[in-house]
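Sequence order for the protein chains is A and B. So for the first sequence, the numbering used here puts the first residue at 1; every next one is plus one. So for the second sequence, the numbering used here puts the first residue at 334; every next one is plus one.
Mixed in with the good hints, there may be bad ones.
[Stated by the list, open to error] Some, not all, of what chain B presents toward chain A, calculated at C-beta under 8 Å:
1. 408
2. 413
3. 419
4. 423
5. 424
6. 431
7. 435
Simulated from the structure, these hints should not be mistaken for lab results. We put the CB at the ideal spot given by N, CA and C, even for glycine.
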Amino acid sequence: MSGLWHNAGWHGKAIALLLLLAFLAAPLVSDRYLLSVLILVFYFAYLGQAWNLLMGFAGQLSLGHALYLGLGAYTATALWTLFGIGPWIGVFIAIPVAAAAGMFVGWLGWRFAIEGVYFALLTIAFAEFTRIGFDHLQITGASGGLFLSVNGPGADKWWNLGGGPLLYYYLSLILAVGATFLVARLRQSSLGYRWLAVRENPEAAQAVGINIFRARMIAMLISSSMTAVGGVFYGFYYRNLFPSQVFDISRSIELILAPIIGGLGTIFGPVVGAIILTPLGESLTGLMEAFGINAPGAKLIFYGIVLMIIISLRPDGVWPWLARHLKLDGARK
Amino acid sequence: MLRVENISVFYGDAQALDDVSLSVDEGAIVAIVGANGAGKTSLIRTIAGMHRPASGRILFRDTDIAGLSSHQVCNLGVGQVAEGRQIFPSLTVSENLDMGAMLPRARAKREQNRERVLAMFPRLKERIAQAAGTLSGGEQQMLAIGRCLMGEPSLIMFDEPSLGLAPTIVHDVLKTIRDLNAAGITCVLVEQNVAVSLKIASQAYVLENGRVTLSGTGAELLADERVRQAYLGI
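One chain only, chain A, in its complex shape:
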């Protein structure tokens, strides 16, 4: 990030700082509803960064990130409801659980040369297996769901991720900003260059002696770990978990939209994509409620339409185009 920061022009720095300040100060002027929308913006920006690391940088399409999201969410919430282990500790157990699943999927795919669209199918299959498994796992409530009590001992304390939206607001902001810093740093590292090499031309990457299996596995490790953290956030924010919801393919799909719309393989693409898409989707939900229309799935259809429009207008995503127009030199980043 330091390199990126020094390379950015003064107006790039000014925009970044202003935006950050605006987000920091937003709770002073916004109501609960606006805060909840912003929380979702940051949440999708964060998950978008995690997914983009694997797809945008290492070039591996995962359509099953709900697996890591769900495992992260279930591990931490189950530890809390069953053993009273708080999320700040639980997250460090959730990460290895999801990362182990990620490593297994990656190993299976890349060791046996299951590439491209077949790899994507593999990731869907594992998310689906796990959903069905959790539907029958009695200890976490099976298909009936897992609920976090709101008024158990210590449940309302911040160290157990209880309390109001303000906590979740700043937590999600920290996650999104932190992930952006991390991705920017990785992009500049030799590992980041290895990922680009593997994405651009695996054959040539092999010819120059890059261990492409290892590069992909590291991308998967970081991506699934980050997604697990997002899952812990999801579990404690919504305070209820159903396998049919958290492991559903629509979870996997909705978290890849922001980076695709913002710009695959760019550092700010997932952030820009989340800022554009999430408020649109939430206003649609709001409008439909106002008109008393009950159409589940309408949001996904709407996302699909937005995706088609943006991809046909800006195939590289919005961020590279935006960066050019704002005269920021980070267009490639």
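Got chain A; can you put chain B on it based on the hints?
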């Protein structure tokens, strides 16, 4: 320096190489010629660790490298300039060169090697910040060779380096190979341009349907009646 002993390679049921043996002496240019589908690229890829031979040994400086993975083979000093100018098109020339120096053996001498490569290919220096995909075919081949040199190889395998290049550029590429050889790098050259490659080779092998059918010095093969008929059309 490199000895391939009786290797056989299969893709599923199809046999690509059948009991192939050859040896490459230190400082030599060894040409491998043959028609399309004769197994030349399979041979190079097998030596490079991208395919595992079903049987046989590959000795590089007396260590068996058959079964090592490609990054391990690279790090022993076996470089490869793959067929079809395999560059990273959206990365800059500079970044492409750096990719060649990711190997542990070459990391410390990166700056030194970069200067050496840029002195050797001034055109790359002029285009150092350009995306590699915007280079001409000849320049891309120079970049692929330069990137390989960044890894400090002691042996380089060139797979069809003149493929799709204009005749004057082909000449430049072959001159580059001779220069590298004069600088002490052992070269394995796979070429469809049989006449030219036999001319510069000290030792040569003819591959047909995955088998070595003929071998000798470059001059011997150039004079061989069968080679002249099959590959030179004389």
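Each hint, compared with the structure:
no. : hint : in the structure
1   : 408  : 6 Å, holds
2   : 413  : 5 Å, holds
3   : 419  : 4 Å, holds
4   : 423  : 6 Å, holds
5   : 424  : 6 Å, holds
6   : 431  : 7 Å, holds
7   : 435  : 6 Å, holds
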